[in-house]
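Engineer: Top line first, the protein sequences correspond to chains A and B. Counting with our numbering, you get residues -6 to 109 for the letters of the first sequence. Counting with our numbering, you get residues 1420 to 1530 for the letters of the second sequence.
Among the clues, some could well be false.
Unchecked claim - Keeping only pairs whose Cα atoms sit at most 25 Å apart, straight-line, the calculated BS3-like set for lysine-lysine is:
hint, chain 1, residue 1, chain 2, residue 2
1, A, Lys48, B, Lys1525
2, B, Lys1525, B, Lys1461
3, B, Lys1517, A, Lys59
4, A, Lys7, B, Lys1525
5, A, Lys13, B, Lys1517
6, B, Lys1486, A, Lys34
7, A, Lys34, B, Lys1461
8, B, Lys1525, A, Lys13
9, B, Lys1525, A, Lys34
10, A, Lys13, A, Lys57
To be verified - Restraint ranges, calculated between C-beta atoms of paired labels, are given here:
hint, chain 1, residue 1, chain 2, residue 2, range
11, A, Leu67, B, Ile1437, 40 to 46 Å
12, A, Gly54, B, Pro1427, 45 to 51 Å
13, A, Val(-4), B, Lys1486, 36 to 42 Å
Note that these hints are calculated values from the structure, not bench results. Ideal Cβ positions, reconstructed from N, Cα and C, are used throughout, including at glycine.
If you want the building blocks of each chain, they are given just below.
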Amino acid sequence: GAVVSQHPSWVICKSGTSVKIECRSLDFQATTMFWYRQFPKQSLMLMATSNEGSKATYEQGVEKDKFLINHASLTLSTLTVTSAHPEDSSFYICSAPDRTGNQPQHFGDGTRLSIL
Amino acid sequence: QKEVEQDPGPLSVPEGAIVSLNCTYSNSAFQYFMWYRQYSRKGPELLMYTYSSGNKEDGRFTAQVDKSSKYISLFIRDSQPSDSATYLCAIRAGGYQKVTFGTGTKLQVIP
């Protein structure tokens, strides 16, 4: 069964709205979670690394004020797309490595974000 | 040069064929090698995971790693229409290091 749960799976909203996406590890604690973005027919691009109890680490070119990440507990990380615009429409996916850190990442099922 | 190179395809094969998917990488620091399968509008699903050169087999899937050539492969035997998906190779240096993905190869298995 799924070990990483992502919610919502699909959201449509108006331009200017802020949207929050949740990523939960279901049966393990995740001190680190990763947020990816995937455009149609393209691969996953890492946006940021979410660290429990500390600030997220953003990849080059990703606006930290635009994509707010909060990792308040060992099982939950959230990504908030602030003042979303049509160009933010994409497929957002989170992942978490197993507690040992040496196991491969488990992925959520993704959130399809459509900004009108 | 990209860290991971993967032919995007698409690759179309008849049912029952052996499928070969490949990736090359440039950084010898990479130690962990994974193959994920992604269906449309879904998150990637782990298929194979290995951290050493050689072959690893799991049912119809075989992952092959050649660190000296920086080349990894995934073989699918007796391919089925349900195998139709995008296959992503993924590589990591170690521990909590970030994962670098290939662009993905779209596979279609025709009944």
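Engineer: Could you run down the list of hints and mark each one as holding or not?
Structural biologist: Status of the hints after comparison with the structure:
Restraint check for A/Lys48 and B/Lys1525: not satisfied, since their Cα atoms lie roughly 36 Å apart, outside the 25 Å limit. Distance check on the hinted pair: B/Lys1525 and B/Lys1461 sit about 14 Å apart at the alpha-carbon level, within 25 Å; holds. Pair hint B/Lys1517 plus A/Lys59 holds up; C-alpha atoms about 21 Å apart against a cutoff of 25 Å. Annotation: proposed proximity of A/Lys7 to B/Lys1525 is violated, straight-line Cα distance about 32 Å (limit 25 Å).
Taking the CA atoms of A/Lys13 and B/Lys1517, the gap is about 23 Å. The hint holds against a cut of 25 Å. A C-alpha spacing of about 28 Å is found between B/Lys1486 and A/Lys34, which places the hinted pair above 25 Å, so the restraint is violated. Distance check on the hinted pair: A/Lys34 and B/Lys1461 sit about 13 Å apart at the alpha-carbon level, within 25 Å; holds. Taken as a hint, the B/Lys1525 and A/Lys13 pair is broken in the structure, with Cα atoms around 31 Å apart against an allowance of 25 Å.
At roughly 9 Å between alpha-carbon atoms, B/Lys1525 and A/Lys34 fall within 25 Å of each other, so this suggested pair holds. Between A/Lys13 and A/Lys57 the CA atoms are separated by roughly 14 Å; this keeps the pair inside 25 Å, and the hint holds. Under the hint 40 to 46 Å, the C-beta atoms of A/Leu67 and B/Ile1437, about 43 Å apart, fit the expected range. Checked against the hint of 45 to 51 Å, the C-beta distance between A/Gly54 and B/Pro1427 comes to roughly 22 Å, which is inconsistent with it.
Here the CB-CB span from A/Val(-4) to B/Lys1486 is close to 29 Å, at odds with the stated 36 to 42 Å.
Figure legend: structure checked against the earlier numbered hints; hints not met, in rising order: 1, 4, 6, 8, 12, 13.
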